[in-house]
Amino acid sequence: MIEILSSGLYTTIQDLGRYGYRKYGVPISGAMDGYSAKLANQLLGNAKDCAVLEITFLGPVLKFKTATQIVITGAGFTPTLNYKEISMNTPIEVSMESILNFGLPTFGFRGYLAVKGGFKAEKTLGSSSFYKGINAKGLLQKGTILEINQSEKKCIKTNASVHVKKTHFTAERLEVLKGPEFKNLTKEDQSKLQKLHFTVTSQSNRMAYLLKNASIITAKEIITAPVQPGTVQITPSGKIMVLMRDAQTTGGYARILQLTEKSINQLAQKNAGDKVMFLFLEY
Amino acid sequence: MKILPKIEKFGENTILLRWKGEINTACNDEIIKINEWMNTMFHNKIIETVPSFLEIAIYVKPKVAIDVFMKQLQLLLKKEIKLEPIQKRFIYDIPVCYDEEFGLDMHEFSELSGFPIKKIIQLHTKPLYRVYFLGFLPGFPYLGGLADALFFPRKKEPRDLIQKGSVAIGGNQTGIYTIDSPGGWNILGRTPFYFFDATRANPSLLQAGDYVKFVSISKKHFQIIAAQIKEGTYILKRKIYND
Chain A
498 MIEILSSGLY TTIQDLGRYG YRKYGVPISG AMDGYSAKLA NQLLGNAKDC
548 AVLEITFLGP VLKFKTATQI VITGAGFTPT LNYKEISMNT PIEVSMESIL
598 NFGLPTFGFR GYLAVKGGFK AEKTLGSSSF YKGINAKGLL QKGTILEINQ
648 SEKKCIKTNA SVHVKKTHFT AERLEVLKGP EFKNLTKEDQ SKLQKLHFTV
698 TSQSNRMAYL LKNASIITAK EIITAPVQPG TVQITPSGKI MVLMRDAQTT
748 GGYARILQLT EKSINQLAQK NAGDKVMFLF LEY
Chain B
441 MKILPKIEKF GENTILLRWK GEINTACNDE IIKINEWMNT MFHNKIIETV
491 PSFLEIAIYV KPKVAIDVFM KQLQLLLKKE IKLEPIQKRF IYDIPVCYDE
541 EFGLDMHEFS ELSGFPIKKI IQLHTKPLYR VYFLGFLPGF PYLGGLADAL
591 FFPRKKEPRD LIQKGSVAIG GNQTGIYTID SPGGWNILGR TPFYFFDATR
641 ANPSLLQAGD YVKFVSISKK HFQIIAAQIK EGTYILKRKI YND
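Chains A and B supply the protein sequences, listed in that same order. For the first sequence, this note's numbering assigns the number 498 to the initial residue and increments by one for each residue that follows. For the second sequence, this note's numbering assigns the number 441 to the initial residue and increments by one for each residue that follows.
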């Protein structure tokens, strides 16, 4: 068991998402940076879709009531166990009564904590991922006790450790493919999207990242149609939104671009003020 | 098939089928049937599909060679594929209380539209609304059939919280907020019934192709139904829809 002593900025339980219910209007959810979440589980020998903690910028403080093994991946936190610095991207032995701190990341925005066996979290519609209105949980709160699944292979010393490329967190260029309404833009706006830098605004969250540029690009509304994580929508007033994991399943704004899975994971590591640009790929 | 959809890619692992033309029940029937056919024929290649007014998004498993699959689809869609009739669909009578306690925008709506409240209720409860598809919120039905007279622009300032069950009008559409949500539609009333239950394998009461009719109820009747729903004794009126 793990007790949450302090909740952090925005701490949730996530797995790889809730599939099969989009036709009912249910968002996929799941880890914003799926790459880092999967990596955390892999390093512990867990199934890749085990529930993990998603940590946003300011991490929680956790107290372990059981001995276990953990892995922390994602943003460049400087985690400490009992106030001694520990490594990321490698399995760490944790003894009972240990206290885990994350601090603030020096690069990236989201981190993942996996435990051996995975967090024991109730599944709703096939997934443990938090989504308000589906499993009625908003965020993890101070005082919450998290249960851990019993793992038959208990605390085997693994030497697994990986070096994650820094570009996963710092790359400015996001790979995109053209979206269904790209051709509706003026030639001028099309070329702006290929050349300009866009700034991530503070109104970005698990549903969508809102990007900004002084130069306004606009697009007419469309007849409501399917959208997915990674869809870049442009509104008639010139808002640029990149839909993320908690996005609606259908939308009425022009779908200009579509991020690749890799670039969704990279965007999930951006904080307000970071700059991005679009790198066009061909189908 | 009557009209051939255009078939194009939408990102790495998604195929879009896109129809040109008008939003009507005939076209929606076709889309629902093709959606069913896709899911039956290709369940091993597809994660899931999402139908909408004039498109179907096909979310393809990452391991499937998408270009080959797209070509196969293109060939098949050109041929006479045998589409099954839409499975059992229902007409639901949805009880709605249009009292000002729930219909937060009814007064303003009446003033700005020039219609007395009685007339608005009459116009809103008259049509048989078609569920075109679900989207926006879990279980939220996109309904077709709103009377032209009730077309009304969305509110300039969306509300932070609209109560589950609120029945509202936004632009040329009417709908039911199936969970608590922020939103910009004009709220005319509320139904005590709930349409989305995440604990059920099929969480949404309404399915694409169903029909709903709103039935005006009093505040007292609203409380009675709400109590019955809590006890689990309320049965929503429905009948089978025959083509």
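To be clear, the hints were calculated from the coordinates, so they are not data collected in a lab. Just so you know, not all the hints are guaranteed correct.
[Claimed, not checked] Quick look at which bits of chain B chain A covers, simulated, 3 or more residues with Cβ under 8 angstroms:
| hint | segment |
| --- | --- |
| 1 | 455 to 464 |
| 2 | 488 to 494 |
| 3 | 616 to 622 |
[Stated by the list, open to error] Here are the simulated lysine-lysine pairs, BS3-like style, with alpha carbons at most 30 angstroms apart:
| hint | chain 1 | residue 1 | chain 2 | residue 2 |
| --- | --- | --- | --- | --- |
| 4 | B | Lys446 | A | Lys620 |
| 5 | B | Lys473 | B | Lys670 |
| 6 | B | Lys670 | A | Lys689 |
| 7 | A | Lys617 | B | Lys501 |
| 8 | A | Lys717 | B | Lys670 |
Heads up, the beta-carbon is just placed ideally off N, CA and C, and yes, glycines get one too.
>> To test your reading of the hints: which numbers does this structure violate?
In response: Those not satisfied are hints 4, 5, 6, 8.
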